[in-house]
Amino acid sequence: MSRIDARLKELGLVLPEPFTLPPGVRLPFALVNVRGNRAFISGHGPQNDDGSLAGPFGRLGDTVTVEEGYALARKTGLSMLASLKRELGDLDRISGWAKLFGMVNSAPDFDQQPMVINGCSDLILEIFGSETGRHSRSAVGMAALPFGGIAVEIEGEVLID
Amino acid sequence: MSRIDARLKELGLVLPEPFTLPPGVRLPFALVNVRGNRAFISGHGPQNDDGSLAGPFGRLGDTVTVEEGYALARKTGLSMLASLKRELGDLDRISGWAKLFGMVNSAPDFDQQPMVINGCSDLILEIFGSETGRHSRSAVGMAALPFGGIAVEIEGEVLID
Amino acid sequence: MSRIDARLKELGLVLPEPFTLPPGVRLPFALVNVRGNRAFISGHGPQNDDGSLAGPFGRLGDTVTVEEGYALARKTGLSMLASLKRELGDLDRISGWAKLFGMVNSAPDFDQQPMVINGCSDLILEIFGSETGRHSRSAVGMAALPFGGIAVEIEGEVLID
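Protein chains in written order, with the working numbering: chain A, 3 to 163; chain B, 3 to 163; chain C, 3 to 163.
Treat the hints with care, since some could be wrong.
[Unchecked claim] FRET-style restraints, in silico, Cβ to Cβ:
no., chain 1, residue 1, chain 2, residue 2, range
1, A, SER4, B, ASP111, 16 to 22 Å
2, A, LYS11, C, ASP51, 32 to 38 Å
3, B, LEU23, A, LYS11, 35 to 41 Å
4, B, ASP111, C, GLY38, 41 to 47 Å
5, C, GLY14, B, GLU19, 38 to 44 Å
6, B, VAL27, C, LEU13, 23 to 29 Å
7, C, ARG28, A, GLY57, 38 to 44 Å
8, C, ASP52, B, LEU23, 50 to 56 Å
9, C, GLU128, B, PRO24, 20 to 26 Å
10, B, ASP64, A, GLU89, 35 to 41 Å
11, C, ASP111, A, GLY150, 22 to 28 Å
12, A, PRO24, B, THR67, 35 to 41 Å
If you're looking for bench data, these hints aren't it; they were derived computationally from the structure. All of these numbers come straight from a predicted model, not from anything done at the bench. Where is the CB? At the ideal position from N, CA and C, for every residue including glycine.
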C-alpha cells in the first residue's frame, strides 16, 4: 500500500467515486491534466462517496453555514484527491502542493471564505504533512457556481515525480 | 502554412484583430506573457473580427442566454489564439494546453457556467486535438466583468516549444 | 543593499509589517509557497504599514471609488512584495513576474476592474521594470471578499533564481 493510501486509511478517509454527470451535461476537459511534472486540477465540487454532488447547495451567508461550508471544502479536497489518484495512479507521486484557489458561493456580505476553505487546506496538510502539503491559497466569494449552486468549488496545482 | 493555421482555415475560423482599447483605458500588462516554456494568457473577452468587443453584454441568467454565452466563449477562445499568435509568431509552438479559467458574468441563480465555457473548450479541442488541446478547467460565476460587462472572460496557460 | 531594495527606497516605498490576523482567524497556508524556481503568491489584501488591513472596505461601484481602489491595489502589491521578501530573503531573486489575478469586490454594474488593478500592475512595473515586471493579468469582479470585505485581493506567481 502506498504511503498516502495508508495515511488515508489511518485517518478513516474514503475517496469518492467518479463524478456522476447530471443529464445533458458534457464536460470536455480533463479533471486532472498532467503536463511534465505539473498536474493541473480542474475546479472540483464536494461529492458524496457515491460520486454525486454533496449539499447543502446555495450560498454561504444565506442558507449555508460556515460549519457546513468547512465540511464541504473538506469533501471537495477528497474529490480532488480522487481525481488525482485516478489520473496519477498513485498519490505518492505528488512531490508537493503548489496552490489552491478556493471559490465560495457567497452572499454579498459574507466574508468568512478563509474559514470555509480551511476545510480543504486542513485536509491536505493532515494527509501530506507540512512540507509536501504546503500550498499557497486564495479564498474568495463567487456570485454563482455550477450544478444547482454548489457551495464550494476549488481548483489547484500539484507537482509530481 | 503552419499546421494550426491550416487547421483554422479548414474550420473556416478567423482570428480577430488586436483589441481596440476603449477611450481612457490603459492596460499596462502583456496579453500573453512568455516565461521559459510557459505562456500565460491574460483574461480575454469575446471579440468581433475587427477587434472590438463582442456582445451581447450583461449577465447569463439575466439578459444573455446559454446559447449566446457558448458563442461568446468560442469567440473568447479565438481572441486568446489571436494574442498567442501575435506573441509566439506561430501557433504550432504550442506543445500543450495546461489550463483554462472560465469566468461567466452571472446572475445569482445561474448555474450553467460549464455549458457556456464549453464554447472555448470545444474550440481548443477542435483545433489542437485531444492530446495537445487537453486542458484542465474551471467555469464559475463572477459578480461583474469589465468593459461594459462582457459576458465571458477566460484566462489560461499553455506550454510552448 | 539589494537592487530592488534600493529601488523601493528611491521610490519612497515602504513594505508593510506582517499581516495581523483578526481574532479567531486561522490561515493554515503559506503566503508565498516556493516550489523549484516558482513562487506562488497567495491572495493578498491591502495593508497599512503596521500590517493591519487597509480600507476603505466594501464594494467598488458602491461605497469605494476607482481612485481609492487604485490606491488599494497599489497597497496590495506592496503586501505581496513584503511577503515575497520575507519568504525569499531578497527580492532580487525574482527573475520575472508571471501573472497577477486581480479580484475586485464589485457591485453588479461596476465594470472598471482594470483601472483598479492597474494600481498593482503600475507598481510592479515601476519597481521591476518592463522586462522583469512584465506580467499577464486578469481583473475581475467578485461577489464578496474576506475580512470585513476588503475591496481588492490579488494573487500571483513569480519566477525566481
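Hints and how they fare:
| no. | hint | result |
| --- | --- | --- |
| 1 | SER4(A) to ASP111(B): 16 to 22 Å | violated, 43 Å |
| 2 | LYS11(A) to ASP51(C): 32 to 38 Å | violated, 49 Å |
| 3 | LEU23(B) to LYS11(A): 35 to 41 Å | violated, 57 Å |
| 4 | ASP111(B) to GLY38(C): 41 to 47 Å | holds, 42 Å |
| 5 | GLY14(C) to GLU19(B): 38 to 44 Å | holds, 41 Å |
| 6 | VAL27(B) to LEU13(C): 23 to 29 Å | holds, 25 Å |
| 7 | ARG28(C) to GLY57(A): 38 to 44 Å | violated, 25 Å |
| 8 | ASP52(C) to LEU23(B): 50 to 56 Å | violated, 38 Å |
| 9 | GLU128(C) to PRO24(B): 20 to 26 Å | holds, 24 Å |
| 10 | ASP64(B) to GLU89(A): 35 to 41 Å | holds, 37 Å |
| 11 | ASP111(C) to GLY150(A): 22 to 28 Å | holds, 26 Å |
| 12 | PRO24(A) to THR67(B): 35 to 41 Å | violated, 19 Å |
Hints 1, 2, 3, 7, 8 and 12 from the earlier list are contradicted by this structure; the remaining hints agree with it.
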